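Assemble chains R, E and V onto chain D, guided by the hints.
4 protein chains.
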Amino acid sequence: MRRAEDYRNKVFSLRKNVFMDGELVERTDPRLEPSLNTASLTFDAMQNPDPEIRELVLAKSHISGKNINRFTHIHMGVDDLLKKQLMTRRLCQITGTCILRCMGVDALNALYVGTHEIDQKKGTDYHQRFLKYVSYFQENDIVGCCAQTDVKGNRKLRPSQQADPDLYLRIVEKRPDGIIVKGAKAHITMAAISEELIVVPTRVMTKDEEAWAVAFAIPADTEGVKLITLGKFPPKRAKLLAPFATYGSNDSVIIFDHVFVPNDRIFLCGEWEFAGRLALLFALFHRHSYTGCKPAITDIIMGMAALVAEYMDIEKGAHIRRLLVDLISIAELVFAAGLASAYCAHKTSSGAWEPNIVYCNVGRRHAGMNIFAEYEKLCEVAGGLCATLPMEGDFYNEETKDLLNKYIMRRADISPEKQHRLFRLISDYIVSAQGASKLISGVHGGGSPIMEEIALYGNYDIEEKKQIVKKLAGIST
Amino acid sequence: MRRAEDYRNKVFSLRKNVFMDGELVERTDPRLEPSLNTASLTFDAMQNPDPEIRELVLAKSHISGKNINRFTHIHMGVDDLLKKQLMTRRLCQITGTCILRCMGVDALNALYVGTHEIDQKKGTDYHQRFLKYVSYFQENDIVGCCAQTDVKGNRKLRPSQQADPDLYLRIVEKRPDGIIVKGAKAHITMAAISEELIVVPTRVMTKDEEAWAVAFAIPADTEGVKLITLGKFPPKRAKLLAPFATYGSNDSVIIFDHVFVPNDRIFLCGEWEFAGRLALLFALFHRHSYTGCKPAITDIIMGMAALVAEYMDIEKGAHIRRLLVDLISIAELVFAAGLASAYCAHKTSSGAWEPNIVYCNVGRRHAGMNIFAEYEKLCEVAGGLCATLPMEGDFYNEETKDLLNKYIMRRADISPEKQHRLFRLISDYIVSAQGASKLISGVHGGGSPIMEEIALYGNYDIEEKKQIVKKLAGIST
Amino acid sequence: MRRAEDYRNKVFSLRKNVFMDGELVERTDPRLEPSLNTASLTFDAMQNPDPEIRELVLAKSHISGKNINRFTHIHMGVDDLLKKQLMTRRLCQITGTCILRCMGVDALNALYVGTHEIDQKKGTDYHQRFLKYVSYFQENDIVGCCAQTDVKGNRKLRPSQQADPDLYLRIVEKRPDGIIVKGAKAHITMAAISEELIVVPTRVMTKDEEAWAVAFAIPADTEGVKLITLGKFPPKRAKLLAPFATYGSNDSVIIFDHVFVPNDRIFLCGEWEFAGRLALLFALFHRHSYTGCKPAITDIIMGMAALVAEYMDIEKGAHIRRLLVDLISIAELVFAAGLASAYCAHKTSSGAWEPNIVYCNVGRRHAGMNIFAEYEKLCEVAGGLCATLPMEGDFYNEETKDLLNKYIMRRADISPEKQHRLFRLISDYIVSAQGASKLISGVHGGGSPIMEEIALYGNYDIEEKKQIVKKLAGIST
Amino acid sequence: MRRAEDYRNKVFSLRKNVFMDGELVERTDPRLEPSLNTASLTFDAMQNPDPEIRELVLAKSHISGKNINRFTHIHMGVDDLLKKQLMTRRLCQITGTCILRCMGVDALNALYVGTHEIDQKKGTDYHQRFLKYVSYFQENDIVGCCAQTDVKGNRKLRPSQQADPDLYLRIVEKRPDGIIVKGAKAHITMAAISEELIVVPTRVMTKDEEAWAVAFAIPADTEGVKLITLGKFPPKRAKLLAPFATYGSNDSVIIFDHVFVPNDRIFLCGEWEFAGRLALLFALFHRHSYTGCKPAITDIIMGMAALVAEYMDIEKGAHIRRLLVDLISIAELVFAAGLASAYCAHKTSSGAWEPNIVYCNVGRRHAGMNIFAEYEKLCEVAGGLCATLPMEGDFYNEETKDLLNKYIMRRADISPEKQHRLFRLISDYIVSAQGASKLISGVHGGGSPIMEEIALYGNYDIEEKKQIVKKLAGIST
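Residue numbers (the working numbering), protein chains in the order written: chain D, 1156 to 1632; chain R, 1156 to 1632; chain E, 1156 to 1632; chain V, 1156 to 1632.
Excised from the complex, chain D in its bound form (with noise of 0.2 Å):
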């Protein structure tokens, strides 16, 4: 299997084309190395300690028939469909927020699903192209990341109304051995530490919206794709050093500046009534991956919440305990959905397994409609000093440290250093850019409840709960 090192190699030798605030940058620079840390921690579960993450971790190829990582597994059963959401709960509970990779893995099970279905329509022969595509994914245990998102212009525009048509990344040229694509995807998250960009649709598209029907594979570093990167991290600590403060994430707008994609990297072209679908696919893949690493923020949320009122003696409020069951009940009532969404999963024609999609996303929505809720409850309980915690400097420097030691205890069983590092984490966690940017993405990331509450609008069948009122209340139908 392939090791952590091996794909940063990988990763630091493609061409150079990320900016970062102003700068043409190497892959080295250091904002993208809390990155890097975290998609690492995908590879190194493999040797993970604990048997149950080493067992979640590894998957056997339906293809090969070899043992390969799950994060470039196709999911072929429920049982499939449970392992990657406890994964994704495990692993993000190590690393405090993101595990990054299911973006790839939830890609590429939408393509799998997604390219049959087009075939079987349109007699095309998407799906053995991917199918190569995926064997080369999981030969190479490939960290690719999804762009779905399209800056989109004026929202009350479709793609083909917009003043400038490259606002949705559309076909610009068609050529015998491929096609030349044009446009950006923002807030794609780890494009820069990716080996390969899935391009998919990130809509419902028309008739005359053929040259916006497009999805894809390439790499990272092809020539005419640059990457403006935002790096997002904690805090970097001098001495306190803590494991959370080395993990973390980026997002990119990727733009595709006139990319020739060849014909065996291309998924979809000009289909435009599979583009829609294919959004859906990658939207349901991902919000069934989000009832995972959701609960993982609820879990640690909560752990600060009862660890900060264990210091501060008073664990035993009724008042803490309601907020820990609210807690508790945001993270589970989305794991559940997120179960019963694989249990109740159904087979595709393609043979992979696809999750209910009312389950999946009213899990998801559950999550986005309480992260805010959720950073109050512990605001609420830890009180304004994760606001107002000194610099971790002033805890090493000789004229202050003994004092703010001696200011900082709460119960007095427990050491100022454990006080410190609880605080630290908090206001790293809450009070920090990264953590106030953990709360947009989790509103808007892999799906707004906005797009939630489409979904959920258009595969729910309201009108069979209008004829149970009608036969209660006695109308004829």
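Hints were generated in silico from the structure; no laboratory data involved.
This structure is a prediction, so every number in the text was calculated from the model and none was measured.
Glycine included, every Cβ here is placed at the ideal spot set by N, Cα and C.
The hints are all genuine.
Now the in silico label distances, taken between C-beta atoms and shown as ranges:
| # | chain 1 | residue 1 | chain 2 | residue 2 | range |
| --- | --- | --- | --- | --- | --- |
| 1 | V | Arg1170 | D | Asn1560 | 21 to 31 Å |
| 2 | R | Ala1567 | D | Tyr1612 | 24 to 34 Å |
| 3 | E | Glu1572 | V | Lys1277 | 42 to 52 Å |
| 4 | V | Asp1205 | D | Asn1560 | 42 to 52 Å |
| 5 | D | Lys1471 | E | Asp1234 | 43 to 53 Å |
Derived EDC-like pairs: lysine to aspartate or glutamate, alpha-carbon spacing no greater than 20 Å straight-line:
| # | chain 1 | residue 1 | chain 2 | residue 2 |
| --- | --- | --- | --- | --- |
| 6 | E | Lys1394 | R | Glu1178 |
| 7 | D | Lys1307 | V | Glu1572 |
| 8 | D | Lys1556 | V | Glu1378 |
| 9 | D | Lys1626 | R | Glu1465 |
| 10 | V | Lys1311 | D | Asp1468 |
| 11 | D | Lys1561 | V | Asp1319 |
| 12 | V | Lys1556 | D | Asp1412 |
| 13 | E | Lys1626 | V | Glu1465 |
| 14 | R | Lys1307 | E | Glu1572 |
| 15 | E | Lys1171 | R | Glu1553 |
| 16 | V | Lys1625 | E | Glu1572 |
| 17 | R | Lys1625 | D | Asp1468 |
| 18 | R | Lys1307 | E | Glu1465 |
| 19 | V | Lys1171 | D | Glu1553 |
| 20 | D | Lys1621 | R | Asp1205 |
| 21 | D | Lys1556 | V | Asp1412 |
Coverage of chain V stretches by chain E, computed from C-beta distances (three or more under 8 Å per stretch; other residues unrestricted):
| # | stretch |
| --- | --- |
| 22 | 1461–1467 |
| 23 | 1478–1492 |
Just chains R, E and V now, kept in the frame of chain D:
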């Protein structure tokens, strides 16, 4: 299989011990008729035209191997739990509210599991006694209620500390052939139309509370038992007949005034260490039933909201979509939690299966915390007419009927009768004594949010979450 | 000053035009008695033992200079508005719910202000006509209702677009001596016990909707007027008499079947540009009244919650404190908004004072958005007994009364009668048809949250806030 | 009047006792510059082009009769309180967040009222001492902070029960000429740019806690005082300069390491019965200030939401209207509560006016309970870009700037720079360390919701509400 007719006749033959509004009444009292209609539905369901419903209601006894009604069945696997949950939802969609009979089956399962555990620890033979009781119950397709909640007196004091020791039901005398019990159980749904009263403890007991640790089952008209009963049903209709108006429920305070319980009907008698476990077990099975019935309530509220929006011609509004999706989310999160609870059930020492306690409780809690919000949403879309709808008679009086039919019109292509029927249903559903009562039972029935809070807090591994946080913070453990 | 007795006799002498449940009834019908009790209180208040109340109800007419009942007064300054708000709260604390008679005074003030504005723009003489009407109203201490809300038909269509033009009340004929109107007004509180019906438009009208732009006042028994009425009151008590059980309300659909309105009673007749202003003015004065009555509702809910906690002996719990403070906050935020609305009132061209529209609407909206939550909080602390309380008769039957008195006990030093009285009140207050109805009127009465939303959005300077933001961002404007 | 320049020079001349991140720094440190800009604004406001602002900031001393800055004024009537509230809102709209200097004026007013009350009861002469201090403060237009919150140690223990008695600031020695104090105050806003530290107790004290009952004022660079300071400010801008980016704040832990306070600067010294009253008074005046500043925060959030909706071309959506009205309601309910608190203020024995405690606290509490919801609403409408906006430099790099300007476009008629400026502001406002910190201070600053809960519960007549209920229920009292 038993017919509804037989059940009714049996109930009508019971000794007259039901009191309503100051009078001792027969069980043929018209205020009990709606409850009988509801309970009858569980027998009629065996002949329901919908095969899905027939199949759900039919179970095979693991004791006798015979076909039985699922409302008397012991859940011997995940599938049984799933079917009970779905059956409950389907039948509640027909009555519009409660199906009542889950009380009995939940009590049976609780005692089935609990008596086995007591015997294992204490060398008693409760399980064998109970097995015979279950056989009798299944064989005769009995309707039983579960009498759990004590009146509880001063809420700060334990059973043994109350000014009046009877404020929790207790054993006042032990005899060779049985025991004498005294006390009362409150809020007991369907007691007045039950053949059997199944009595279980309401809480954890301590060593000095042996007298209060008691469980048993007796016929509802046993000497010394008095039922003081409140009927619940929609406003009576004179002409605008509708299925919803025919179903109802009832609650009783059951007085046990020196009631004799023979030995073979005693299932806990002083083993105080198990009082809490039995209380929890009934609550658990019953809360799992709620993950079936509460989504049905939401189905109906959602159906009414969608239909009234259709009749008003505002169905396409973004605001209506959000409101409906909020309702969908409540229904399906609760149902998903019930599914997860069933899928993650475990086999008990008795061989019966116990639902996962965490998922079950987060599901029931979510339902209880949202019922007011659901009514509020329906109120928002339906407008004030549900509270000011003229009385039924005015729609039939020659001087006023044409006027009301003229002025009740919303969409011109929906007949006034349909408009009337829908608003009458909504009015009866949320603006009636019964409707208001469902709000209260939606919160407190089968366990108030505070009870689920206690169950969750006591059964969730918060320490594990603290460990996760300590690792992230670098706090040695 | 007029006596309640005189008012009742006058009402009883009106032509029989009230329909209830299919029958034409006298106004002495017992279902109207609770409403008459409520309205009578506004007369009795002049002799209330509490001087604060007497002082609040007494006003001096700016027209005649005589002492009048404040429910007929035109607000000539901030102090008048403050007194009306406080009077409303105090009197509603006595009835337990609504005081009804604000309808009339709010309509009077709206037309007083509005007619003056019309005259200024259109050269009409509505204000002089109306001044005479106010004099008559004050002199005779009249009880009047305000008929504003049309039945409105298809909610997507304007008055002039409806399939049936009568779905908004309209002028069908103009005659030298007056007009003939046709249509209906719905949800009209206290119409059946009013001497006068004051009719105002329900919304903005456009140029082609002159026929629907009409305001007037007529005696409640005018030829062609039919009231189809729904009585609202607590469950009747046989023995456990209590003030709360004696007060009530009623709502009517008022049919105007070719009703003649003489010229001196017409206050808007085709000036469509002012329909919206009149609608807004009544809504504004009436919402200001809500900032008085709604806090009274919360006072009572809060009092019940505090008292039931005391009787259960859980009053000192942190959880109870939070719950009570939540209720305090609702009551006092709404009241504070009403105060601010009065203190920031401005003088209109008529000389009467108009409350600040922003504060008034945020106050009413806050009340409407919290009434369900208030019931929910009371439900939470009161527990299930309010929904399962045995019927009154059972507390008086020789066979059951001692048992119920024994088992209803909470704190041992609070008598069973007190326990019973409190739970009966709570049950009647929130678990009855009337209680449920108050939830709906709490949301929709005097303007649904959506109506306050529209009023606020249309009257708030959002552009100013954008300018503030542009300055902060450095965006040129 | 004093100029900002003078104030800055004075601050720069203070003894070096500020520590930041391990270093002893000058007050010219760039991390304090944004705070100085904010405080300077209170001087510059005297020359603000807007006469409304000039008028608000100008007050006339009731002591000297001279014109002074309102931030040093004692409120001698309702009008003063109203002006302070409005001034606070207006100035916070300019900085975008806090105006800082209310700390000093709120402390002045609290001690002005409180010292008079102590003297009346104890025959002390604190008020005269304090009057001299106020004169000095007004004369020199001093900038002072209020050091109230102790570090508090174990939250279950009182000051006298802590393992370390210094966990609440205390008197360790009394001398003829003054006292020596030891301890620390935490979360002290603007201490590092203050000339004076005004110290008041944090809570009620008991008889054996005389040593902790202490209030005084000293220069910020008094011997023994150490400020360990955290700067708070928006991300630095290199090119896209904007007013918002120039303002900031700072919080300090203030260490009092055996600090001498001379007699004329001591305002409470052992009179433990008044510790709670002083704590409450500062909290009350400060919470009243919050009813001015918090609405300004909401104004800005509302303005950003409205402007981003305009730029995206979705401004007319019903959903946007509701969201904006929710924000309007939060801002204006809080402001209305502040107005009501001012209008219902009462004169204290000192002659200064004390705001109504109930209205003030419901206002501040409402603000604290909604700040997370406000960010959430802005997040909802702004979408993910505020969290993934490329760094400023990328908008100026020749290789990327045109691309970013192309792809950031929303409405085609709004320039990319305006789009960029708005999203940069939103990002800085809610997705930065400062932005996250404002969430925490929005909840806890000036009193957490729990503190308002305590203030309300202790100062509200719940018993009166019980009496109302007893009357309605017919319960004798």
